[in-house]
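Peer 1: Each chain, written out:
There are 2 protein chains.
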Amino acid sequence: MSSTEVKLSRLLGLAQKFNNFYLTGFHKNDIRPFLVEGRQVGLIKSDVFKQLLKYPQVFCIRDCDYTKQGLVELNPAFRDYHERTEQLEKVLLDLRRDGLFSALQGWRDECFEVKSEHKALLKMERAATPLFGVRKYGVDINGYVRHPQHGLCIWLQQRSNNKETWPGKWDNMVGGGLSVGYGIKETAIKEAAEEASIPSDLVKNLVSAGCVSFFFESDQGLFPNTEYVFDLELPVDFIPHNADGEVQAFELLPANKCMERVFTADFKTTSAPVVIDFLIRHGYITAENELNFTQIVELLHVPLQSLYTYKTRLEQKIQQQQQQHQAQPPQVALPKDDSNCNCSDMPIRSLENGHSKKENA
Amino acid sequence: MSSTEVKLSRLLGLAQKFNNFYLTGFHKNDIRPFLVEGRQVGLIKSDVFKQLLKYPQVFCIRDCDYTKQGLVELNPAFRDYHERTEQLEKVLLDLRRDGLFSALQGWRDECFEVKSEHKALLKMERAATPLFGVRKYGVDINGYVRHPQHGLCIWLQQRSNNKETWPGKWDNMVGGGLSVGYGIKETAIKEAAEEASIPSDLVKNLVSAGCVSFFFESDQGLFPNTEYVFDLELPVDFIPHNADGEVQAFELLPANKCMERVFTADFKTTSAPVVIDFLIRHGYITAENELNFTQIVELLHVPLQSLYTYKTRLEQKIQQQQQQHQAQPPQVALPKDDSNCNCSDMPIRSLENGHSKKENA
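Sequence order for the protein chains is A and B.
Under my numbering, read the first sequence as residues 1 to 361, first letter to last.
Under my numbering, read the second sequence as residues 1001 to 1361, first letter to last.
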């Protein structure tokens, strides 16, 4: 048997689809690390990069040790969370007015936190995160029923036709992004009430069951998404009702029909990982019935937390010194906070300047 | 708050420990791809490499596009599964007699299959796989009880003091390697009977729940392990008994005490991922109580299936031609099977010859 004779299973094909950027995007030489305070927090593609060049007071373009395209850093002269947020938002509002990026037409006045190693660096309008390849976090609830006749059944929602993203597509029963100021379980409980009117005596049975991570790309931008997943077993007679106008229908499907729905073009691609993970954890998709089982499980948990590793040399030096400082009595003076602003040391250059290796700190 | 002030959680520390090779091993310039039939199936460290140089009729040492250390290929003149297995085993028996590798002192006369993209290429004595960095597969059963007083409780086994690997250490209730000729669920059921005397009316409740993957290194060698995990809820009054002499004790522990046991030096490091995954899937370890939750979930599913990507140029060409052949009427003659033997075209060179880029096919 030759390896090329092995049939690519539909499930592996789908796992590759929602990881299209993870599997092929890094080879295209079209991306630049996006840095805030010397640490990488995202990736910027050429179409966005070209627009950011218009704001040299906000974005510094530098050489990069790893990509000949260079990197983009939010001006390190911005002193704190508040100033970084404000300066970036001005650019985003400007870009939104220009109407060049369809992602920004879905502006929600809802912010996601941009972090590096647990440190919150700024907040960013949710609709803009795909333009910067910033990691997004959300919650999803698998609402399921152990049906006396049909066995394991799963509730799905059909998104409202008015939603900015994925209108009319089938989706998990309950899901939502993690906005600034809300906790993870708190968001799950809030969304359960808003999207499906799940009463508190049922929602108390929510079970945290892990997370899935994948890296999808669409014409809207980049989606390095992590979804915290919760399972919620529901009574056979419970029927969800939408309360916030974002859902047009709910449907309870036996596991096999649910899986078929996920394979259709009517299902939101970026919600498929949650359903597949659920069906794996509950013994419906197994190593016995899916040839590519291990590969699929790995593609449900791609290493997003270790993808963004680029740090400026100055930031590396500061961290090394801090580590030494913690390990033993300080022998070297730590650089002051504002020494991280190295904008003035480095000429701002456009991509057209080409690649020339140069210390950036 | 500086990032270096964030406390490394014990759980993240443990996840880094059982992924010590995944996180740092690739940077050491101490490893070479191991190829069989033109496809990478493992990694070979310098201590093993030096011994393999003594068998030039079995191992070909070549230049490699990615590492200056070169690569090791099982002689492509060996025609089939049987001949490859036989030739390699002769070397392994020889190395075992020399007594240089402690891993081989645990010889079991039990073989693991060496595969690339679902194609079985040869079988290898289980004890030898760490020397070649060959991916290992096993099964693990989480035996648990919903205790009326103590809540979620987990059965652990203490390994016999006579076991070659991890003697006397605490471990999952049931576990075993996937040997040639046995299926995944079949292995789980067999081990459940042998290790814990679980009767068939209980074992029928086994639920497949996914797999964990990690890449550990010890003085025994390399462990790129994938464990298929099964959950088995047991009645409160069931007590496991060992039937094969490989277990010296069983103990039922509440989830918190089980977690503490996993952190001790008395627990088998490479079994920790299975327990952590179980406690995550069952809502005991959550994003609310573990700061590094997403990072830990990713470290329980590292991408082993996409790590071994090296192919010889000839193999790449054959695969391309086969793909064209499948997609359209054949326009080019496919190379005959034995044209994959390119040993005679390439001088066999020792590492000492240094690095010189050369086409190897």
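Simulated from the structure, these hints should not be mistaken for lab results.
All values reported here derive from a predicted model rather than from experimental measurement.
Among the clues, some could well be false.
[Stated by the list, open to error] Only some residues are given here: those of chain A computed to face chain B with a beta carbon under 8 Å: (1) E89; (2) K169; (3) I280; (4) R281; (5) H301; (6) L304.
[Stated by the list, open to error] Below, a list of computed lysine-lysine pairs in the DSSO-like style, where the Cα atoms sit at most 27 Å apart: (7) B:K1204 to A:K17; (8) A:K28 to A:K50; (9) B:K1115 to A:K17; (10) B:K1017 to A:K311; (11) B:K1136 to B:K1017; (12) B:K1115 to A:K28; (13) A:K68 to B:K1028; (14) B:K1185 to A:K257; (15) B:K1017 to A:K115; (16) B:K1050 to A:K28; (17) B:K1028 to A:K311; (18) A:K204 to B:K1257; (19) B:K1017 to A:K317; (20) B:K1257 to B:K1054; (21) A:K317 to B:K1028; (22) B:K1136 to A:K257; (23) A:K28 to B:K1317; (24) B:K1136 to A:K119; (25) A:K17 to B:K1028; (26) A:K17 to B:K1017; (27) B:K1257 to A:K185; (28) A:K68 to B:K1115.
Positions of the beta carbon are idealized from the N, C-alpha and C atoms, including for glycine.
Peer 1: Does each hint fit the structure? Answer for all of them.
Peer 2: For each hint, the structure was consulted:
no. : hint               : in the structure
1   : E89                : violated (23 Å)
2   : K169               : violated (25 Å)
3   : I280               : holds (5 Å)
4   : R281               : holds (5 Å)
5   : H301               : holds (4 Å)
6   : L304               : holds (7 Å)
7   : B:K1204 to A:K17   : violated (35 Å)
8   : A:K28 to A:K50     : holds (17 Å)
9   : B:K1115 to A:K17   : holds (25 Å)
10  : B:K1017 to A:K311  : holds (24 Å)
11  : B:K1136 to B:K1017 : holds (18 Å)
12  : B:K1115 to A:K28   : violated (30 Å)
13  : A:K68 to B:K1028   : holds (25 Å)
14  : B:K1185 to A:K257  : holds (25 Å)
15  : B:K1017 to A:K115  : holds (25 Å)
16  : B:K1050 to A:K28   : violated (38 Å)
17  : B:K1028 to A:K311  : holds (21 Å)
18  : A:K204 to B:K1257  : holds (25 Å)
19  : B:K1017 to A:K317  : holds (25 Å)
20  : B:K1257 to B:K1054 : violated (50 Å)
21  : A:K317 to B:K1028  : holds (22 Å)
22  : B:K1136 to A:K257  : violated (34 Å)
23  : A:K28 to B:K1317   : holds (22 Å)
24  : B:K1136 to A:K119  : violated (38 Å)
25  : A:K17 to B:K1028   : violated (34 Å)
26  : A:K17 to B:K1017   : violated (32 Å)
27  : B:K1257 to A:K185  : holds (25 Å)
28  : A:K68 to B:K1115   : violated (37 Å)
Hints 1, 2, 7, 12, 16, 20, 22, 24, 25, 26, 28 from the earlier list are contradicted by this structure; the remaining hints agree with it.
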